[in-house]
Structure formats: structure tokens, C-alpha cells
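> Sequence:
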Amino acid sequence: MTVVDRTLEAVSERVQRLLEAEQMPQRDGFLQAVDPAIKIVGLFALIVVAVSIGVWPAQAVLLALVAGLTLGSRVSLATLARRIAIVPAASLAIVAPQLVLLSGNSVLGPITAEGVSYVVTFVLRVTVSVSLLSLLILTTRVADLLSGFRRLGVPELAISLVAITYRHLQVFFDELSRVVRARRSRTIVDRGAGQTWRESGSMLGSFLLRAFERGERVQRNARARGGTTMAAYPSDSDLSRADGVFVTMVATVVAARIGMWIL
-17 MTVVDRTLEA VSERVQRLLE AEQMPQRDGF LQAVDPAIKI VGLFALIVVA VSIGVWPAQA
43 VLLALVAGLT LGSRVSLATL ARRIAIVPAA SLAIVAPQLV LLSGNSVLGP ITAEGVSYVV
103 TFVLRVTVSV SLLSLLILTT RVADLLSGFR RLGVPELAIS LVAITYRHLQ VFFDELSRVV
163 RARRSRTIVD RGAGQTWRES GSMLGSFLLR AFERGERVQR NARARGGTTM AAYPSDSDLS
223 RADGVFVTMV ATVVAARIGM WIL
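Read the sequence shown against our numbering and you will find it ends at 245, with the numbers running on by one and no gaps.
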């Protein structure tokens, strides 16, 4: 198997596992029991609070809150860390020069206390925000997430596009896996690097044409069925205990942030 084949196959399998990860939203956890619309509003409110805070002790408290929500939702902290690790690491690499660029009291050579505070606050802010978004995805099925956005008044056209894109990304990468397997089954001897890259380019071109044709068939089928208009659905307005606890928690955090502004 060539490097190109291994890369395409690994990417395809990883994306398919990511798209098909529906086990965690079905667990009996705290955030899983919260209404999707309330969860969306609440978690985005917490993200706004995290972005607006400029001191690291408060960010650390929010991070502890995120850890509590993660454990309460029966999601492993290691799983959450693996999903978000690259974003805080990238943010640390970007903001690290501020350790020496910001003027202030020296703590270790050219590194200043103000620079350390700025970097820690920035990385914690990014970590909290990305963690909250990941929790929303990990604890909510895609269908429930789209339903929540509908109840919040998001245009149905945008929701239809997201739903169709999500569904057919699975088809797209499944088709890519089949193309790679078909090529491997026809390969008997190892070819040179030049021939391998030419055949890989031809394979990807053929795959893109097949994906384009699949999209056209999907569009024709949708028109034949009368379009992609979403059917109305009954809305349950009863709040559960988890909804009340979550709303109270978010309201407390928001009130504390407003209090910090006033003071």
C-alpha cells in the first residue's frame, strides 16, 4: 500500500468514525438530558462569558466547571482532551512570544509576569471555549441539534443544507474508502513514485467525478419527492429537572460576570 493510499484510507476512516459517533449522546448523562435548544443557548452564553473574561483565575474556575459538566455527562476527560488538544496547543504556539514581548516584572530571564498571565489567560480562554463546543457535539445527536436550531428560529434552508451535508459526507468518505480498496485490489506489484502519484491523481479525479454525479442524483431525487421542505414537528414545552439545573447554573455564571463588570 502506498503512502497516498494509507493517508486517504486513514482520513476516510477517521472522518467516518467522527460522523457516526452517536454513542455518547445516548448515554444517561446530565447534558444529554437537557433540552437541545436550552443547551445551545446556555453553552454559547458560557462561551461568551469565557471570551469576555481577562483574568486567568476566573478562566480556571470556568475550566473546572467544564470538567464537572464533562464528568456529569459521562464523557471521559481523556476523550475530550484528545478532541480539543490541537487547538489549545496551536493557540499556545501563536501567543507564546508574548511571554517576552510584554513588559513587566521579570520572573525568569526575559519572561515577564505580565506575559505569563496573558498567555495563561489566552490559552485557558481558548480551551474553555473549544471544550464547551465539543461538549455540545458530544452530548447531542445531530438530529436533536438541528431540531434545537429550528426551535431557536434558524432559517430552515440553512438547517436543510447542514443536514444534507452531514448525511452525504458519510456517503462521500464511504465512497472514497471503496475507491482506495478497489485500487489496492488491482495493484499486484509496487510501482515507482512517479507512476504512483500519476495513478493517485487519476484516482482522485475519478472519485471527484463520481461524487459530483452522486450529488446530482441526490438533487434529482429530492425534486422528485417534492423538494427538501421540512415537516412540522410537535414541540414539547415541559422543562425537566436537568433543564432547570442547567439554566440556574448558566444564569449564576452570567450574573457573576455581570457583577465583575459592575465592580
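In case anyone wonders, no lab produced these hints; they're calculated from the structure. Careful: at least some of the hints might be erroneous.
Unchecked claim - The following label-pair restraints were derived from C-beta to C-beta distances:
#	residue 1	residue 2	range
1	143	190	49 to 59 Å
2	196	34	25 to 35 Å
3	58	23	52 to 62 Å
4	58	236	47 to 57 Å
5	89	153	11 to 21 Å
6	194	85	24 to 34 Å
7	194	144	15 to 25 Å
8	30	200	36 to 46 Å
9	231	87	53 to 63 Å
All C-beta atoms, glycine included, are put in the ideal place defined by N, C-alpha and C.
> Taking the hints in turn, state whether each one holds.
Here's how the hints hold up against the structure:
1. 143 x 190: 49 to 59 Å: Violated - the Cβ-Cβ distance for residue 143 and residue 190, about 20 Å, lies outside 49 to 59 Å.
2. 196 x 34: 25 to 35 Å: 44 Å, violated
3. 58 x 23: 52 to 62 Å: Given a distance of about 26 Å, which is not inside 52 to 62 Å, the answer is violated.
4. 58 x 236: 47 to 57 Å: 28 Å Cβ-Cβ, so the 47 to 57 Å window is violated.
5. 89 x 153: 11 to 21 Å: 54 Å, violated
6. 194 x 85: 24 to 34 Å: 56 Å, violated
7. 194 x 144: 15 to 25 Å: 20 Å, holds
8. 30 x 200: 36 to 46 Å: The hint (36 to 46 Å, Cβ to Cβ) holds, given that residue 30 and residue 200 are roughly 37 Å apart.
9. 231 x 87: 53 to 63 Å: The hinted range 53 to 63 Å is violated for residue 231 and residue 87, with Cβ atoms some 37 Å apart.
This entry does not satisfy hints 1, 2, 3, 4, 5, 6, 9, going by the numbered hints stated previously.
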